[in-house]
Structures are given as structure tokens and as C-alpha cells.
Amino acid sequence: MIISPIKIWRRQKEIRTLLYKKGTIVSWTMIYTPPDGFAAYAPYPVVLVEFDRNQKAYGQLVDYDPRDMHIGKTVISVLRKVRCVSRDDVIAYGIKFKPI
Amino acid sequence: MTSIIGYYTTPFGELWNKSLFDLVEDVIFGVLKNAKLEQEKIDAVFFGNMMAGALENNLHSPSKIAEIMGSHIPVFRAEAACASGGAAFYLALKYLEAGAGKTVMVIGAEKMTDYSPEETVSALVSASSGEEQESGLTFPGLYALMAQIYLTKYNYSKKELAYVSYKNHFHGSLNENAHFRKKIRLEDILSSPFVAYPLGVLDCSPISDGASAIILTSDKKQRTKQKYVVQVLASSVATDTISLKKRKYLDGIEATKLAADRAFHISKIKREEISVAEVHDCFSIAELFAMEDLGFWKKGDAGKRIGSLETMLGSGAPLIVNTSGGLKAAGHPVGATGVKQIGEIYLQLTGQAAKRQVRKARKGLTHNIGGSGGTAIVSIFGV
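Line by line, the protein sequences are chains A and B. For the first sequence, the working numbering gives the first residue as 1407, with consecutive numbering after it. For the second sequence, the working numbering gives the first residue as 819, with consecutive numbering after it.
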């Protein structure tokens, strides 16, 4: 897995448009067997969120209480570190969600 | 008219003494022997494999297969994630229909157990969208998201899902080539540790090694020479967005419905005529989706009907599903699965399925999915 600066730069342009948006949880899961780069966070919840006009996004749920993990819960998108492959890699930032 | 005239498979499982191309070699010579066919009769080979590039830096498989066979015939690799085997079959069928050859071999193979779970899981998630990867989703995770929506919408629980694994492990116990040949209890399934909530380990197909091969022919002479022949009545492929979030609905897989409707239309076969089917149960929830999207059961009914175990051998019902053990118990070497499914239907329709034989099976169906439903391949067979 290569997290190159150029890939991050391309992705940032899209992430910008998804920040600080309110939406509701359409579905959620808790990942116990993670892919490379995510082991430090496991187990972690991932939510599928719907903003207005049918636009959807995925992200991990952070700063949560277990009671927040349910369909219909309102959340807001925030910028967070999403994965770290090695100490020398560029840090990848992306979208996560906070319950409100 | 295209026919299947031979099938061979390695056992599925943790085959530590075999490399990917050891497995491929085994099935090439195994299927030729089973069909009593000289290698010179093979005009081309179609190879379904997903991860040799990602996991072991191993590409240009057509040339490796040429080396194994010591021949110069055309060889092509097809990749469509877990539907790679089905895709190889579909392309082989179209190759014959186009008249480019008369007899071809379809191979599916995957080597997955040389690596840590994280490495294999990472290679598998390469078949999902960038955004899905960035959020730390896995394939169990994507199917878990769909399962939550389905179970909530139709008011079911994890218990309904458990019947899929229960039934398929029973079938696996009758298949000498299955990865798991052990029956499991419902309570073990329900208490198995989570992989991605609400899916537990025993809701998930395993990581397996294995290879399978079939021989397809449009040559009438070949067909009449053979003892065991199955006709391909239709095969259809449908695709959808790689991103789960962009699909029209999430309580099923639309690509399955599109491919199935078309395959039934082409074959002029009715759903009620199918007596044996191999469907893509990569996760327990996926078999419920398959039964509804293929049109066997009404939308929202699968949770209820699976509990009656009507699709289990011995139920006496007209349709038995996943006699091989499915992906759950037979194992899921991803590139091999689509070919093994067709092979299982071949065995059933030619009366060679031994202990798991469905009586008087005349029409069969296979359903092979890539990713979270981005590719679906549905094929119908008959004798």
C-alpha cells in the first residue's frame, strides 16, 4: 500500500467539499478484522451517512457513545487522520463522523 | 449450442504444499483426463484469477499457463474480483459463439493462505472504492452495512442469517473437496466472534487456496463422444457502481436481478424449473439477497424462508441451493469459485454428485458476484 503525497493532494480537493456537513446514519458496522494500516484503531465503527439530496459518504465514527450507533442518528463530518502505514509515511487525512 | 464436457477441481483449503501454478497445473491435466481429451484439442484457455498481481507480484499468467501446457495457443486472464471465474467462463462462451475456436478450457484459481489476514484483506479491498478503503471498510464490513439495512427494514435478526451457514456446512460435510467438512450448530454460529458486526466468523466464507477447471465445446463430434454432457442455456453479466453508497438500493444487489432476468429470458426457462443452484454466499446475508434478487423468493421473504431450511438437501422441496457447501463451507479461493460453481452444477446434472446428489436434477443455475455487487454473472444449464 503506497500513500503518496500526490494521491493525498488529489483526494484533498474532494474531502474539502464534504467537511462539516450534517447527515444521518443510514447503516453502521463495527470492524474487528481490519486491512493494513488500520490495525491500531480496531475494533472501530464505520457509518454510512446520508446528507441532503441523496448524497452519501462513509467514515469512521469518533467521539461516540455506544448508544450513538444506530440508524437515524444525526452526525457531522470532521477532518481526522485516517490511516498510518508507517512512521515515515505522509499522514493521510480524511472524513470521519461525530455524533451530535 | 455450447456444452460442458469435463470438470476437475483440487480440494479447497489451506494447501501449503502447492503454489498458485501448481494448482493450475493440477487442474489442467486433471480436467483433460476426466474428459479423456488430448491437449491438442484445446483451442484456447480462459483463466480467472484476482490477486496474483496484488499478493505475489505475479502477472502475465497466460504465458505461465502456456509454459505449463507446452503450447502456443491463446490464453487470457479475466479479472472481476470474486467473479473472476464466472467472467472467464462468460468470455470463453462468447469466444466459442464467435467461432474463434471449438473447444476451450476455463480455469479458475487463487492462492490466498500464504499471507497474514491483514495482507489478504488489503488485497481483497482493492476491489472496493477508494473512499471505502479510506474509511477502513472491508468486504465483511460492506456486506455488514447491507445486512443492517435489510435486517432493520424487514424486522429480522442475526438468527435468520445463521441458517445459511448451518445449511451450507451440512452440504460441505458431504463434499470431499470442501474446505470445511464439518457440520456446525446454530448456537455456534450465533456466538462466533464478530468480523464486522453483525457478521461473525461463521457468517463469512473463509480464505482458501484452490483451483477448478471445466472444458467447454461447440464441437458436435466432441459432444456426442462424451458420456457426461451439460448444455449451457444462457449466461448473462451485469455491472453496477463500485461504490456501495451510489447504488439505487442497499437491501439487495441490483446487478444480480438484471443478470438473472436476462439469463432467464434468453434460456426461456422458468424459475420453477431450476432444481439446483450454486449462489454466491460470500457472507450469510448474500445468500438471502441472492434468493430474492434471482427471483426465487419474494423481496423481504428470504429471512422467513431460509429458516424452514427448504433449500437444504433432504427437504424434499423443488430447489436445493449450494450443494457444494457454497463459498461458506466449500471455501472461497476467489478466482476459482465461479468455475467450481459451474462444476458443481455439471456434477449434479450428470448424476455424479454422489452423497449430495439432488434427485432428477435437470436444470441448474450459477450466480457469481464480484465485490459488493459491482459485477454479477448468472448462468443457466440443462440436460
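What the hints contain is simulated information worked out from the structure, not anything from laboratory work. Computed from a predicted model, the values in this text were never measured in an experiment. Among the hints, a few may not be true.
[Said to hold, decoys possible] With a straight-line Cα cutoff of 30 Å, these simulated DSBU-like cross-link-like pairs (lysine-lysine) come out:
no.	chain 1	residue 1	chain 2	residue 2
1	B	976	B	920
2	A	1504	B	882
3	B	1117	A	1462
4	B	912	B	1088
[Unchecked claim] Looking from chain B toward chain A, a few residues come up when the C-beta cut is under 7 Å (computed):
no.	residue
5	916
6	936
7	943
8	952
9	954
10	963
11	1010
12	1049
13	1052
14	1060
15	1063
For each residue, glycine too, the CB sits at the ideal point set by N, CA and C.
Quiz item: residue 976 (chain B) and residue 920 (chain B): Cα distance at most 30 Å?
Solution: Distance ~48 Å between residue 976 (chain B) and residue 920 (chain B) Cα, so the pair is violated.
Quiz item: Does the nearest C-beta of chain A fall within a distance shorter than 7 Å of the C-beta of residue 936 (chain B)?
Solution: holds (5 Å)
Quiz item: Was the hint right that residue 1063 (chain B) lines chain A, CB cutoff 7 Å?
Solution: Cβ of residue 1063 (chain B) sits 4 Å from chain A, so the hint holds.
Quiz item: Can residue 1052 (chain B) be said to touch chain A, with a Cβ gap under 7 Å?
Solution: Hint violated; residue 1052 (chain B) Cβ to chain A Cβ min 34 Å, cut 7 Å.
Exercise. Double-check residue 963 (chain B) for me: the hint is only fine if its C-beta lies closer than 7 Å to a C-beta in chain A.
Key: The hint holds - residue 963 (chain B) has a Cβ within 7 Å of chain A, the shortest such distance being about 4 Å.
Quiz prompt | Per-residue hint verdict: residue 952 (chain B), partner chain A, C-beta under 7 Å | solution = holds (5 Å)
Quiz item: Does the nearest C-beta of chain A fall within a distance shorter than 7 Å of the C-beta of residue 954 (chain B)?
Solution: Check passed: Cβ of residue 954 (chain B) comes within 4 Å of chain A, closer than 7 Å.
Quiz item: If you draw a straight line from the CA of residue 1117 (chain B) to the CA of residue 1462 (chain A), is it 30 Å or shorter?
Solution: Measuring from Cα to Cα gives roughly 24 Å; hence the hint holds.
Exercise. Report holds or violated for the interface hint on residue 916 (chain B), using the least CB-CB distance to chain A and a cut-off of 7 Å.
Key: Hint violated; residue 916 (chain B) Cβ to chain A Cβ min 40 Å, cut 7 Å.
Quiz prompt | 30 Å Cα cutoff - pair residue 1504 (chain A), residue 882 (chain B) | solution = Cα-Cα ~51 Å, so violated.
Quiz item: Can the hint on residue 943 (chain B) be confirmed by a CB-to-CB distance to chain A that is less than 7 Å?
Solution: Residue 943 (chain B) check passes; min Cβ-Cβ to chain A is 5 Å, inside 7 Å.
Quiz item: Once the shortest beta carbon distance from residue 1049 (chain B) to chain A is found, is it less than 7 Å?
Solution: Because about 42 Å separates residue 1049 (chain B) from the closest Cβ in chain A, which is outside the 7 Å limit, the hint is violated.
Violated hints for the displayed structure, listed by number in ascending order: 1, 2, 5, 11, 12, 13, 14.
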